[in-house]
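Colleague: If you read the protein sequences in the order shown, they are chains A and B. Following our numbering from start to finish, the first sequence increments by one per residue and tops out at 258. Following our numbering from start to finish, the second sequence increments by one per residue and tops out at 248.
What the hints contain is simulated information worked out from the structure, not anything from laboratory work. It cannot be assumed that every hint is accurate.
Each computed PhoX-like pair below joins lysine-lysine, with the alpha-carbon atoms no more than 20 Å apart [stated by the list, open to error]:
id, chain 1, residue 1, chain 2, residue 2
1, B, LYS138, B, LYS162
2, A, LYS155, B, LYS231
3, A, LYS155, A, LYS79
4, B, LYS80, A, LYS155
5, B, LYS207, B, LYS65
6, A, LYS79, B, LYS76
7, B, LYS80, B, LYS117
8, B, LYS80, B, LYS162
9, B, LYS239, B, LYS225
Small disclaimer: the values here were computed from a predicted structure and weren't measured.
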Amino acid sequence: MKKNKLILFAFFLIFLSGCSSASGIWGWYVIDPSTKTGLTNIKFLIGGFTSTIQLSIVAAFLSIVLGLIVALPGISNNKFFRILSRIYVEFVRAIPLLPMLFWVFYGLPVIFKSLGLNINIDAFWGAVLTLAISDSAFTAEIYRSGIQSISRGQKEAAQTIGLNYFQTMRYVILPQALRRILPPLANQFIYIVKMSAFASVIGMQELTRRANEIVVTEYRPLEVYTLLIFEYLVLVLVISFAVRWLERKMGSNESLNN
Amino acid sequence: MIYANHAIEIKNLIKWFDDFNVLNNVNLIVNHGEIVVICGPSGSGKSTLVRCINRLETHDGGNVKVIGETLTNDPKSFAKISSDVGMVFQQFNLFPHLTVLDNLTLGPVHALGLDQKSAEVRAYNLLERVKIPEQAKKMPHALSGGQQQRVAIARSLCMQPKIMLFDEPTSALDPEMISEVLDVITDLATDGITMVVVTHEMGFAHKVANRMIFMDEGRIVEEGKPSMFFKNPKTDRCKTFLNQILKH
Ligand SMILES: Nc1ncnc2c1ncn2[C@@H]1O[C@H](COP(=O)(O)OP(=O)(O)OP(=O)(O)O)[C@@H](O)[C@H]1O
Ligand SMILES: [Mg+2]
Numbered sequence: 001m002k003k004n005k006l007i008l009f010a011f012f013l014i015f016l017s018g019c020s021s022a023s024g025i026w027g028w029y030v031i032d033p034s035t036k037t038g039l040t041n042i043k044f045l046i047g048g049f050t051s052t053i054q055l056s057i058v059a060a061f062l063s064i065v066l067g068l069i070v071a072l073p074g075i076s077n078n079k080f081f082r083i084l085s086r087i088y089v090e091f092v093r094a095i096p097l098l099p100m101l102f103w104v105f106y107g108l109p110v111i112f113k114s115l116g117l118n119i120n121i122d123a124f125w126g127a128v129l130t131l132a133i134s135d136s137a138f139t140a141e142i143y144r145s146g147i148q149s150i151s152r153g154q155k156e157a158a159q160t161i162g163l164n165y166f167q168t169m170r171y172v173i174l175p176q177a178l179r180r181i182l183p184p185l186a187n188q189f190i191y192i193v194k195m196s197a198f199a200s201v202i203g204m205q206e207l208t209r210r211a212n213e214i215v216v217t218e219y220r221p222l223e224v225y226t227l228l229i230f231e232y233l234v235l236v237l238v239i240s241f242a243v244r245w246l247e248r249k250m251g252s253n254e255s256l257n258n
Numbered sequence: 001m002i003y004a005n006h007a008i009e010i011k012n013l014i015k016w017f018d019d020f021n022v023l024n025n026v027n028l029i030v031n032h033g034e035i036v037v038i039c040g041p042s043g044s045g046k047s048t049l050v051r052c053i054n055r056l057e058t059h060d061g062g063n064v065k066v067i068g069e070t071l072t073n074d075p076k077s078f079a080k081i082s083s084d085v086g087m088v089f090q091q092f093n094l095f096p097h098l099t100v101l102d103n104l105t106l107g108p109v110h111a112l113g114l115d116q117k118s119a120e121v122r123a124y125n126l127l128e129r130v131k132i133p134e135q136a137k138k139m140p141h142a143l144s145g146g147q148q149q150r151v152a153i154a155r156s157l158c159m160q161p162k163i164m165l166f167d168e169p170t171s172a173l174d175p176e177m178i179s180e181v182l183d184v185i186t187d188l189a190t191d192g193i194t195m196v197v198v199t200h201e202m203g204f205a206h207k208v209a210n211r212m213i214f215m216d217e218g219r220i221v222e223e224g225k226p227s228m229f230f231k232n233p234k235t236d237r238c239k240t241f242l243n244q245i246l247k248h
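Only chain A is shown next, with the shape it has when bound in the complex:
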């Protein structure tokens, strides 16, 4: 938390210097809410929060589901399933986000079309899919290590009282693994929020895209991008604060149980 405060303070200083000095490099009028254009601009910029947050939440949700689907075969006794899961994780982790975004947004519809499917991928779903797939490789690894941290005896005990594989996961393994999984999973959400900025290049009207558009019309990149950075900073700090809280809560449970 100390470090975050320091960074905040540094930004605050830059901001102040911009407001007070007459050096001329700053032109905050562009987003000054007391002027009419300034107010319009800042409303437009801040309006990007909705898209960024929606995008991130839907992508994170999909990634959490997809990650589990990838992780479970990765810890099964079946070698073939394990290899399949491994390939997915290594492959997806290796692809940079931007090329994957292009592939999903421009390439995937071509495949759909050739299959006779009339599925349209708009900017929102293109970005959601890309973020979810890219992140799922990481969430899968989080699940895997969380589940593997539960002792083998738990699975065996579940087996000896007749539970099948899914019941064992559902009632015995996952509830215990959850407190090891949840904090790093929440942390991954920060990754998604930051990477969601890439959605701007396929025309998603989120924070970064809106900043770009104002920069193009107002020629004030320094001010607009400074604000943009603050916008992400606020978002990430809020999440990171929530994660800390979650970690503390989970941590106290842990000491109770073991």
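On the provided structure of chain A, position chain B with the ligands as indicated by the hints.
Modeller: What follows is chain B with the ligands alone, placed relative to chain A:
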């Protein structure tokens, strides 16, 4: 059909861990209601043998039949009889996130399809039987080791198994708690349930066993009625082992 007369029938069982031959041609027939106690030095394959009976380990050769069902490496072969074979582990393996009561009802509700209410009635009966009904609402970590192991026994019994396997059920316990667990197992022994018990508690073995088995290096080296087994071990290896055990 002749096999159905036996609770467990193991023929020429062979098991490898990589290039290590853990079980080397083991033959064992356990009758219904029989109580077999297995002892032997560490690493002799006792746990592995017991775990082959309930498919916690697969085998590489030979034949395992449990209640007339031949076990293959297909998990389904065991599914049919899984609720007929209970197991108690050295480390208890209670579910730490569930109350004692929920530990007991989990199997009956989800594997046997009992409704919550009858599962709880059954659970309370068995907690009564292992003498800790007052602990039902507690979490496992709040119990002593002896109490935890008694909960684990009750949890197995909730499935109404025909066979109970015990793998060193008292080895992880402080000395003063050993007898409370052994008493519970002794009480079960009078019930007619088939039991296979791996233990080094020789006083207990002498009292409850119908048959003693001594294992060494993946083989059954000696077996016999407890009276003969303890008084007159036939092999030197068994003699040496018993002397070491009985010294303390
Ligand atoms: N999963 C495994 N992989 C490899 N080797 C194993 C595995 N499980 C057991 N072994 C080895 O097999 C041998 C027999 O193990 P087992 O647990 O059956 O012996 P045991 O008679 O129960 O011994 P103990 O009295 O110490 O419990 C040991 O040498 C052990 O190291
Ligand atoms: Mg053992």
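Colleague: Give a verdict on every hint.
Modeller: Hints and how they fare:
1. B:LYS138 - B:LYS162: With Cα atoms ~28 Å apart, LYS138 of chain B and LYS162 of chain B exceed 20 Å; violated.
2. A:LYS155 - B:LYS231: violated (41 Å)
3. A:LYS155 - A:LYS79: holds (19 Å)
4. B:LYS80 - A:LYS155: Holds: LYS80 of chain B and LYS155 of chain A sit about 18 Å apart, inside 20 Å.
5. B:LYS207 - B:LYS65: violated (28 Å)
6. A:LYS79 - B:LYS76: Holds: LYS79 of chain A and LYS76 of chain B sit about 18 Å apart, inside 20 Å.
7. B:LYS80 - B:LYS117: Not satisfied, since the Cα-Cα distance of roughly 25 Å exceeds 20 Å.
8. B:LYS80 - B:LYS162: holds (13 Å)
9. B:LYS239 - B:LYS225: With Cα atoms ~15 Å apart, LYS239 of chain B and LYS225 of chain B stay inside 20 Å; holds.
Checked against the numbered hints listed earlier, the structure breaks hints 1, 2, 5 and 7; every other hint is satisfied.
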